[in-house]
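Student: So you can see what is in the structure, the chains are spelled out below.
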Amino acid sequence: MTTSPGMALRRLRGNLSLRSFAALLVAHGLPPGTLSRQRLSQVEAGAAELPPELWAAIRLALRAAGHSDDETALLVVAPPPIITPAAESTPATRRKQWQRLLEAIPGNRWWQPPTTIAAKVLGDDWIETYQTLAERYDIDVERHRHEVLRRLAMDKTWTADPHDRVTVHRDDIDQTLRIGPGDPFVVTARLHNAGTATWTHRMLYRLGPPVSSSLPFAPVLVPLPDTEPGCTAMVVISGRGQVFPNLAVMTYTMVFADCSPCLPGATQFFVDTRNKHKIDQTISLPTRS
Amino acid sequence: MVVVNPGRGRPRPRAGRHFVVSRELTGAMRQLRLAGGENTEGTVEILNHAIAELYPEVTAASRSITRGTSTPRLVSPAYVQRLEQGFHSSMRVPEWLQSADLENKSAVRASKVPSWLVRAYDLAFGADGYLVDMYTWAEALSADHRSNPPRRTTHLPGAVPPGTELEYLSDGFGDPPPEIRTVLHECAEHLARRRPRMSVRRHSPADGDSSTTYGERDALHPEGTLVEPGGYVLAGWILHNTGKVPWRDRYVYRVGEPTTGITAPSLLALPDTDLGGVIEIRCPVRAPSRPGTYRLCLKMGWEDGTYCYPATLLGVILTFIVPPADIRDWHLPWPAS
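First to last, the sequence lines map onto chains A and B.
For what it's worth, my numbering labels the leading residue of the first sequence as 1, then goes sequentially.
For what it's worth, my numbering labels the leading residue of the second sequence as 1, then goes sequentially.
Extracted from the complex, chain B is given alone in its bound form:
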């Protein structure tokens, strides 16, 4: 094995800081397209092949757009570049971001992305369903971002009927193994104990509030972990309160619907955490039955759905790969010689 480590003087590439989730989506689309080829004309040609394959009714003549709707059509290199960089059919900057003090104003620029194009990118550049899955939670997060401050409006703790916490959290889990069942029970008890403290108070994110994870639990389930269709995993993260605000009455919310793609509880109650404190999140997860690549995204919020860190786009994440049906016994490591 060889590790190529460049050493001193090497400029570190930085992860893109996108605050509008649609831009994060087009960023991923661009990353995959560039992985296919730097030549824009060449990659757009591949993209158009995929569009024609997915939507056989599309021809070169279907370039016209009906106002207000987006229907599949062949695309031009200029369109692709403008869309990826957030210039095409620009989305309005959310109200909560309009007065934000941003170093780079382009970070809030975003395009509307049609679903048919996301599917075509996915097929064209071998995304294995990752972009399609990302579209579903990007749409959900976009809806949350329309509130000021951004907040989740469905699957809130107050909507869980008393006494049904376990059923609520384990929706879609079927018959889980004992370890998962135990954690679901613990999560339900924690949620039930939180009930007397629930109020109708509206929360608001605060400057100085900060959370960090160093990936201490990544070794259990690294990004790209393979899971059998419908398989169960107990995901985990360690969160550090690295800010100046103690954490009280907080939850993590699963972005998107609880049973779309990866199945996971739509919310988990977090223990109160003082400054410098550390908490562990244990989240039971069930892989989808359909092969592909999926990402789970959890964001911290209060009981009214308001996100604690609206500008930290993703929260904690977990990417799973459900292998194609014809790849058998992938879980068996090739033996050592």
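If we strip away everything but chain A, and leave its shape as in the complex, we get:
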């Protein structure tokens, strides 16, 4: 049976009389005259209700009187949520979500090969540099997309191996990219298979959304090359800096093709778009009469 706020209040009153309890509340901050003992009795019996503000004031008074958050938790009359919470993320929901999303990506300006982005907005010198980088790091976002889709479509059950281990090359730990807001970037990491399990069809999974005004845009799923124990895999992630000038962190963990986690822990990349230019966005205010 669910405990109502009135029942919870009765329990908190304990052996005190209605009059003494009301006086106790007033002594600890409840404005006098807001809760009579008759009304208190009715509330306890479920015959009357109180507005949320009065419940909040009673809760404050009880906490000032020494009751804990947990003891007074049932006195909270929560307003109905203005929006139903988002569904919780599970391997199955992630797999379905990203399968559906990745299928629609061709032609997206964010995910197209970086050389095309460069050709649209930059000068020749920069394109040349970027092409060199693209060739060096084998950046092919479209190929990555196909590969992730192929893995997500696999009909296989995966089980985490307790002897699975990963280490990150010491130069690639906690990398910080210092770029301008919205600038494209490429980050690489060398992941060493330090356990006894062979990595097949694995991916790096980014926690959180793929982009926001204060978080960089980068793929949520990045395919990991199949890697034998003792060998090292090179991971290449391309993205764009967040538009706000701030420090952001991207956290990637390792998952199987069905989006379930392979092993504990995660690795992080930092993207720093802060600068000392004035950031204030205040506009001239309307003249007020």
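The hints are simulated quantities; they were obtained by calculation from the structure and are not laboratory data.
Quick caveat: nothing in here was measured; it's all calculated off a predicted structure.
For every residue, glycine included, the Cβ atom is placed at its ideal position computed from N, Cα and C.
Don't take every hint at face value.
[As the list claims (entries may be wrong)] Sample of chain A residues at the chain B side, in silico, Cβ under 7 Å:
1) G29
2) R63
3) A64
4) I83
5) T167
6) H169
7) V220
8) A248
[Said to hold, decoys possible] Sample of chain B residues lacking proximity to chain A, with all beta carbon distances greater than 12 Å (derived):
9) V58
10) Y79
11) F87
12) R92
13) L131
14) R146
15) P178
16) V183
17) H190
Fit chain B to the given chain A structure using the hints.
Tutor: Chain B alone, transformed into the frame defined by chain A:
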């Protein structure tokens, strides 16, 4: 590691300057949709899949809208584009903005956004609850924007019963660790000391008043920091008084309800700050118990709730990620080799 830095001549993309919070919300929805695909028809198809998944009763036939209410329905590319750009069911420009001298009038254009659509965007484009959380504080800020000048009308310092400052500020914090408890005590003492100076005076924002943060404290808790469900964090920001108005009797208000999403005190008293001065805000925060991405937003105001910078939409922010329950030991960094 490689940093691609374009160097000279590169036009810097600018953050959108939205003054109506609903436009900020649709801007975030658009950003996430475009991250999913540039092709409008394709992304709307994904969105409609999400709508059908969340609201199984919806069919192609449910396109009709009952006047005055918005019920889940499948959407068209034209609807999505108009909504994101602020043209659909346009909201009235708030009175305080009507005579503002704006370079770009489209910055005050905004659409009404139904909550069911926000949930569908969140699911469709992998927002991890970020849009749903944003909707809650966007609605709260929208309500504040209906006043002229914009002001908060609930959780004001005058409503805190004397002697209960600590209980008020620590509502929802449960049993916090000593560091958080200490700061809550300090905040409560600061609030109590402010009481004799409280008045019924109405404040008004002034031209020339300006605050800036350079993200000096970002390294402690960068945007996107992971926090365990119900975990505690001491957030911090440095604010510079870069305007021509000394700061007196000011507070920062948490936008929205104190225990919706991230738990944080609904207000903190700020020390008086002269021109060119610097203050540090230390805000105890508790992460939600439900996995997802959440953003805390604090705005500066006076004791009557009036915001000092109504046109600076967000104030200082902090974005947390509470990892999904099946991702274990995410706090352990992979070791170096």
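Student: Any of the earlier hints contradicted here, and which numbers?
Tutor: 13
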